[in-house]
Amino acid sequence: MHILLSFRNVRPPSRAALGLFDPASGRFRMALELPPGGLRCDGLGGLALAGRTLWVASSPFRHLGEAEPSLLALRADDLMPEARYRLGGLAGVSALCWHEATLYVLSSGSGEVVAFRADSGRLVDPDDRFSWRPRIAVEGRADPELTDLAFFRNELYASAVDRLGPDAFLFNVTRDAIAARALQDPQSLAVLGDALGYAAGRFGAVHLLGEDFSPSRSAGLEGDCRGLCLADGSAFASSTTPDGRCLLHRLAPDDLAVERIETLPVEGLEVAALLPVEGAGAWPDPPESLWFETFGEGI
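Quick note, the sequence shown lines up with residues -16 to 282 if you use my numbering.
Keep in mind that the hints were calculated from the coordinates and are not lab data. Please note that a few of the clues may not be correct.
The following label-pair restraints were derived from C-beta to C-beta distances [what the hints assert, rightly or not]:
no., residue 1, residue 2, range
1, Glu242, Arg100, 31 to 41 Å
2, Gly34, Arg112, 13 to 23 Å
3, Asp226, Ala84, 42 to 52 Å
4, Pro248, Ala165, 31 to 41 Å
5, Ala84, Asp177, 24 to 34 Å
6, Arg10, Pro64, 17 to 27 Å
7, Val121, Asp195, 23 to 33 Å
8, Asp268, Ala235, 28 to 38 Å
9, Pro64, Asp268, 15 to 25 Å
10, Glu122, Thr246, 26 to 36 Å
11, Pro248, Asp110, 39 to 49 Å
Note that beta-carbon positions come from the ideal geometry of N, C-alpha and C, so glycine has one too.
Please construct the entire structure, taking both the sequences and the accompanying hints into account.
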């Protein structure tokens, strides 16, 4: 079991795209890097694993003159590219979620969750999409910026912060309802055991939610907290400190007690998402950049 990290808002001299952390040994390495000679995009975003396919969201490819994000389909056993889809009409794809042959794409820029049918590493019809927006946004009662997605007890949830005020929400997308509000800057959602938890962004914390989605356990962490997952029997949360250190916190899943803090050998990087993966030992080491250099030329 490894933890895959995607990095966003990447700036030279860093070329980070995907990082790989081994909880057993504590080893971290880059799994994919942006090519040298100028960045082609500002980094990656949401991650989702669907069988033999790793879905990855990327920011726009500037060298191709594109303004919309892309959805990348990579082979999960060696990270080689299989497909790329331009997501017209969407912006800021910060989260992906896979469930029952459907890929859910969260577009924070356009304020919607879009569902695509997918099969064998391909979107069945990229133009056939179902879109959901929070009712309070449609009715003009709030302007929620969606941040992350998670399936919990077979229902889809989305977190959001209100651009118009201090409120923050947990939406039940399946029921088109507000599950909770007054959250603390929820930037990442994850199922931790039998409960839903979230990383509280600028508040530097992880909160575990109870049956009524009110906080039942909390852990204070150093830095801006973004990225949360369950792996190797523990919860993992990432944070970036004001001095640019990138930390990975290992927490007990039941009470969020801090078990270990790893300082990753990167500086000034902002984690976008964490994803547990199996079988990553065969991935290229050192990472390949050829895949990124050829995007846009046809796969």
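Cross-check of the supplied hints:
1. Glu242 <-> Arg100: 31 to 41 Å: 40 Å, holds
2. Gly34 <-> Arg112: 13 to 23 Å: The hint (13 to 23 Å, Cβ to Cβ) holds, given that Gly34 and Arg112 are roughly 21 Å apart.
3. Asp226 <-> Ala84: 42 to 52 Å: Taking Cβ atoms as reference, Asp226 and Ala84 lie about 44 Å apart, which means the hint holds.
4. Pro248 <-> Ala165: 31 to 41 Å: Holds, since Pro248 and Ala165 (Cβ atoms, about 38 Å apart) stay within the stated range.
5. Ala84 <-> Asp177: 24 to 34 Å: Check passed, 25 Å falls within 24 to 34 Å.
6. Arg10 <-> Pro64: 17 to 27 Å: With Cβ atoms ~25 Å apart, the hint holds.
7. Val121 <-> Asp195: 23 to 33 Å: About 26 Å separates the Cβ atoms of Val121 and Asp195, which means 23 to 33 Å holds.
8. Asp268 <-> Ala235: 28 to 38 Å: This hint holds: roughly 31 Å between Cβ atoms.
9. Pro64 <-> Asp268: 15 to 25 Å: 18 Å, holds
10. Glu122 <-> Thr246: 26 to 36 Å: Since Glu122 and Thr246 have Cβ atoms about 45 Å apart, the given range 26 to 36 Å is violated.
11. Pro248 <-> Asp110: 39 to 49 Å: 43 Å Cβ-Cβ, so the 39 to 49 Å window holds.
In summary, the structure is inconsistent with hint 10 from the numbered list given earlier, while agreeing with all the others.
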